[in-house]
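Enquirer: Here's the letter readout for the chains.
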Amino acid sequence: MNKKKTGLAPGSIVFTGNRKVEKVLIHHLQYDENNSKERVLNNHSESTLTKSKRPIVDWYDVRGMHDTELIDLFGTTFDIHNLILESIVDINQRPKFEEYEKGNFVLLRALTFDTEKLVVKKEHVAIYFNEGFIATFQETESDLFKSVRKRINSERTRIKTRLADYLAFALMDEIVDNYYLVLESIEFEIEILEEKIIDSIDSTNRNKIHHLKKELLILRKSISPLREAISNFYKSESSFIRDDSRVFIRNLYENTVQIMDTVDSYRDILNGLQDLFISEVGFKMNKIMQLLTIISVIFIPLTFLAGVYGMNFEYIPELKFKYSYFILWGVMITIFICMIYFFRKKKWL
Amino acid sequence: MNKKKTGLAPGSIVFTGNRKVEKVLIHHLQYDENNSKERVLNNHSESTLTKSKRPIVDWYDVRGMHDTELIDLFGTTFDIHNLILESIVDINQRPKFEEYEKGNFVLLRALTFDTEKLVVKKEHVAIYFNEGFIATFQETESDLFKSVRKRINSERTRIKTRLADYLAFALMDEIVDNYYLVLESIEFEIEILEEKIIDSIDSTNRNKIHHLKKELLILRKSISPLREAISNFYKSESSFIRDDSRVFIRNLYENTVQIMDTVDSYRDILNGLQDLFISEVGFKMNKIMQLLTIISVIFIPLTFLAGVYGMNFEYIPELKFKYSYFILWGVMITIFICMIYFFRKKKWL
Amino acid sequence: MNKKKTGLAPGSIVFTGNRKVEKVLIHHLQYDENNSKERVLNNHSESTLTKSKRPIVDWYDVRGMHDTELIDLFGTTFDIHNLILESIVDINQRPKFEEYEKGNFVLLRALTFDTEKLVVKKEHVAIYFNEGFIATFQETESDLFKSVRKRINSERTRIKTRLADYLAFALMDEIVDNYYLVLESIEFEIEILEEKIIDSIDSTNRNKIHHLKKELLILRKSISPLREAISNFYKSESSFIRDDSRVFIRNLYENTVQIMDTVDSYRDILNGLQDLFISEVGFKMNKIMQLLTIISVIFIPLTFLAGVYGMNFEYIPELKFKYSYFILWGVMITIFICMIYFFRKKKWL
Amino acid sequence: MNKKKTGLAPGSIVFTGNRKVEKVLIHHLQYDENNSKERVLNNHSESTLTKSKRPIVDWYDVRGMHDTELIDLFGTTFDIHNLILESIVDINQRPKFEEYEKGNFVLLRALTFDTEKLVVKKEHVAIYFNEGFIATFQETESDLFKSVRKRINSERTRIKTRLADYLAFALMDEIVDNYYLVLESIEFEIEILEEKIIDSIDSTNRNKIHHLKKELLILRKSISPLREAISNFYKSESSFIRDDSRVFIRNLYENTVQIMDTVDSYRDILNGLQDLFISEVGFKMNKIMQLLTIISVIFIPLTFLAGVYGMNFEYIPELKFKYSYFILWGVMITIFICMIYFFRKKKWL
Amino acid sequence: MNKKKTGLAPGSIVFTGNRKVEKVLIHHLQYDENNSKERVLNNHSESTLTKSKRPIVDWYDVRGMHDTELIDLFGTTFDIHNLILESIVDINQRPKFEEYEKGNFVLLRALTFDTEKLVVKKEHVAIYFNEGFIATFQETESDLFKSVRKRINSERTRIKTRLADYLAFALMDEIVDNYYLVLESIEFEIEILEEKIIDSIDSTNRNKIHHLKKELLILRKSISPLREAISNFYKSESSFIRDDSRVFIRNLYENTVQIMDTVDSYRDILNGLQDLFISEVGFKMNKIMQLLTIISVIFIPLTFLAGVYGMNFEYIPELKFKYSYFILWGVMITIFICMIYFFRKKKWL
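Order-wise, the sequence lines are chains H, G, D, X and C. Counting in this note's numbering, the first sequence runs from 375 upward without gaps. Counting in this note's numbering, the second sequence runs from 375 upward without gaps. Counting in this note's numbering, the third sequence runs from 375 upward without gaps. Counting in this note's numbering, the fourth sequence runs from 375 upward without gaps. Counting in this note's numbering, the fifth sequence runs from 375 upward without gaps.
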């Protein structure tokens, strides 16, 4: 939540994130049913951005968002609405699907799980497409869509026979597939936690549970609007979305539903684990206190007896008797054993 | 949650589970109103899969899912959509009902309860049917549909007078009926737990409650989408579903609603049980600590008295008096009895 | 939850409860606007079940459900759908309203509260009616509908001027009215509990709260689907339900809504009570521990002082002084009083 | 919840509350745009109830409900449906709005807050109106509608230019306005509680929180159906409700929504307060126990040292040395100071 | 919640807040596509309020609400409905959007976060607009809309080319943008709390958590109805709202959804933090008690031993032996070390 934009007119193109790349990298991939052609644009001038005629698909894969002038250039070259340009560079916006007259717009988040810091890393991704043109924008240089590109460059794949709407779907599918990896990592962490909790009462476990719950909350905040966005995508009557793509989008929608379900059940499990942990810790600490108290309780009557025979009354008959001392030891040891036996029987020891 | 498919094109047929059978077993049952004919296919070549003319119903009962080539063969022979084939072998998919042009598709989960490990075992089951053709796919060799097959092989049963839609219903009914057995087992475990909790403060009970809650969560995740799927089945306007089958599907739907209700109320009961357990344990431990503390408290003033008469002042008048020692014993026993009486009266002992 | 039916064909008539009556009792009441005629059927042969012509209303009140042949006989005589017959004897089914071509069917539960065991007793009740025919089925011999029968046998009551749909309503109204009695009993128990909890920390109270919560859960599971059923009844466009009956059914619906509200608020109150109880018990136990600890703390410095003057150093000047002993007593009593005063002031005592 | 009516035919006029007035008071107010005329009816005979011709509005304000014969007389004189008459005197019914052919019917509850007992007092109020006739029924003699009557008796107020539907709205508005006073009182109590909780650990505060939560539950049960009733009023297409009244009813509806919001947020605050209280009490008690234990812990090693030099060994070199006693005091005081310092540094003291 | 209006006729113009300005300040800004003209009205007479012809937009920015006569003057001059005037000065009303025949009305709340007292300050803001006229009313003198005014006074900005509906949107956008700042401050406070909680067990942290939760509740009560209001604004078919403004309002709507999401997730985080805090405090206190008890437990057997050799029996052989005293010290030190070792190994120390 850091909105750098308060006080500006709506529609102002302001990058709200932190610059994560040195220089914006633009990867241009052009393909039709039979061919595909790749190039990397170094010089971001107006002339390098070109519009092809259909049925060729042009995919501009832009990595880096800080260069708002470049975004503006995209806007003017490919006739993209100002509010879309604003959304592209506003990393605080929630995932959404929006229909405009000249193209459709999807915002979503690529997620990866840092297994060391146990942190879900988010990357803001924007996809704009109409019939034959598609542009994707991401924050970092990571090659999110490697396998899609590989499929396009392969011979005779379904993806090449279709237009930009199917490519948009494929890219979203790629990102959502990675959510499963994130969930897997979290599940793995939960399982480790479950084992640890029964063994020890280390309070770092509790902090980890708290931390994972927070990460799931963040996950939820990314996935819940995405589900809605994909549902809108599916129900959209935009002319840029073909009917034979819809069945795939329905599938994608079901995946997001399943992911949400899983996130929610992980939250439930973590809540259960937290309760378990707290009650386990309480139980163990109480057991320790009980043991300590029992030790005290065993010695208290013995100390009392010793005290009694330490009194200085002139006439205490037992003191004169020769074996008193040994008898008292016998009595004390008997009391000691009886108490141990009693506490054992009660299962307090 | 282990998606082996990240990075593949959508529609790729990949078995996402663990291979559970040596060799895929195909059981073919053909019947019409009067006759039924069974055979087991050992040779899974193209020629063994045959299409019959209506009104004969062909039921292919396939046990084992790892052989994706066989699934592919089914797809080409019986003209099944690629996305269906993908779903058949993807054991991570949620229960669902889907209408396609050439047939309807149901995914669900057969559940059994392992009473030793207290674990709900899931088996992924897929049913594809159109007017006269039905194919079922399951992960293991277990004969899930034994009683349905028996009914078909019996003379003059309703099931034989109807087509594949009714058979699909009957198979789903068979699987949902088994959910009741799972619930019964869980109810039985809950009742045992309820009795145990009042008796002892063994912490294994808490772990069991936690475990059962998790199993119910898993159950819920299977049943909740199934309910939706059956509702879609009921509301489907597919031409392969006859009107006189719908009343049965409505009944099935109501069963899933009831099962969901029961699962939810078990969760409520387990939550209540957990609260009860934690507060019971806390109560008992506090009672023990209280008892131990009372023992200390009783001896502390007595030890003080003994300490007083162990002092070495030259002039302590009581020390000289002959019966002092016995009087002191009397005083100490009186104090002892008074304190016991006081604590009893306060119901602390 | 004990489904005896797993593995049977849907529509099989199987009584899933425990037989509660020796012999099924059938009470036949026939009435029109002016007359009413009662008889008890002992011989359950086909000939005893007769269909009258309208506008006479025939009410068969069947008590006992184990005799599935008799149910079957009803089915064939009065042309009742097989799925209805199955539902009549399946005591595990949830309350529901169903429209069939030849009549409407209502399932509900008569509830009574056993004030000794604090248990809500459920009885499965089925009502089937069309224009002039109505049949009710219940598990036990208890006369659930006594006052309705009395109204019919009285002169000039509204009920006699109307047909079977109004009678069905009147019977449901009778059963729902009894829910208020159940709620009243539970409210009474809750009030008793509220008073007891402030007085004592007896752990039976907690078990009672837990138990009542479970009973309310059961109640909820009966009433929630009933509310839905009555709503369906109200909205039904069945030709067997007359418009002037609907306003009464709306009233009945509002009653079930109110009952659900009350059940839910009782659950809330019980939850609050449970929290109160647990915190009250914790508070009181802590108070006790505090008191006990204070007693220890008061004697510990005194015992220390006694210990000091019990030391055997050769040169302890105080020991020689004549009034040391009395002065020490004075000091110890002063310390004692100061500590008591201090703890009082701090309100710990 | 005390339903006196079990076993009676629906539509029976039975007063289900406790009689709260000696004699039913009927206040009759007749007004049109220019004039208003008041009278109090002492003789409740048929002749005193008169119907005026429109556009005169007749308002019968009936205080006291036990006289069911009078209610019946109203019914026959002004042609009111039997089910309405039943609802008027059934104080257990939830707030509702109902359209009948000859008039509309509103049930609601007047609430006042008894600031001494902290109890929300409910009064059952029924309003029946058609175009020019309106009758209100309440349980007690309190003049709920004083300010409305004053507005009618004033010159040139909007209320006089309108018909019974607007008056019905004005009366409901009057009652709902009083809810704000109730909420204000509760807010005041909550604020007091918030201050008290931080000061002391008196357990009466917890009981008060529990009590207020219960009162809010009761409030909710009155307001939640009222909101629905007013919504139905607003959406009603009854010919007795004029379009220019609707905008006022919408306003009233928004008030109930706001009241519900406030009630819910108070419940949240009270829940938070309860958690705060419990944890605060636990914290303070633990602090006390800690302090007490520290006192013990300080004296225990000192007592041990005193015990050591109280031993009777023949050869203990320290005993012979002249200044041993004073040195030991020095050691003990040093230990004492060190421990105090240590506990202070750890912030345990 | 302080309704000053109980007992008044609906539609009465009563300021329900506390007067926050000396004199009401009216700022009048008139603009069309090319020009803009500002003036401050000091004399609030009828003549100063003027209506311009379209396409000029007149914006009256009124700061201060206590002067109900002025509000009335606005009402008569610009033909504003009485219920709107009532809502303008009723600071207790929830945010809402209402369509009237002659204009649309929006209520909302400007929020600022007082970082010292950690309090969310609310200011009631009302916006009334039709085609070319817009009036805003606020409680204090703070210049809420500074940046909007700046945009209007700049050359060639979109805002000047549009009419009052877009200005209304821009003003609401301005206010909603400030919500992000409030959320940022709260997030900052939460982060500080998270760090503090792990360090110390100071109970002020708990009060802060409780306080922030309450503030979020207040925030929620402002934002939740606002979301609804903006949704109604978006869906409104009022002729005063142009289609090209709608896309901006949709954006604004999404912002409120995101803000609600954030508020809810902060609540979740605070709840988690509170649980963490309570369990952390409990854990630390238990650790301290455990340490204290261990100290006691170590000295208790030693004190017992000293007590034994302080007894006065005539025949205790050890007492005569020369090195007994030193051997006993050795034994006691051994016991001491063993116990320390034991507790260390158990990780209790």
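There could be a bad hint or two in this list.
Pairs involving identical chains hold if they fit within one copy or between any two copies, as the list cannot separate such chains.
To be verified - Here are the simulated lysine to any residue pairs, SDA-like style, with alpha carbons at most 25 Å apart:
| id | residue 1 | residue 2 |
| --- | --- | --- |
| 1 | K570 | R413 |
| 2 | K491 | N625 |
| 3 | K661 | Y405 |
| 4 | K588 | Q404 |
| 5 | K397 | D573 |
| 6 | K476 | K570 |
| 7 | K721 | T451 |
| 8 | K609 | R437 |
| 9 | K588 | E569 |
| 10 | K720 | I571 |
| 11 | K495 | L567 |
| 12 | K534 | S386 |
| 13 | K587 | N606 |
| 14 | K721 | N581 |
| 15 | K588 | R641 |
| 16 | K495 | E565 |
| 17 | K694 | N660 |
| 18 | K661 | D517 |
| 19 | K661 | E628 |
Because the hints were derived from the structure by calculation, they are not lab data. What you are looking at is a predicted structure, and each value in this text was computed from that prediction instead of being measured.
Enquirer: Which earlier hints turn out false for this structure, listed by number in ascending order?
Expert: Going through the list in order, the structure violates hints 1, 2, 3, 4, 5, 6, 7, 8, 13, 17, 18, 19 and respects the others.
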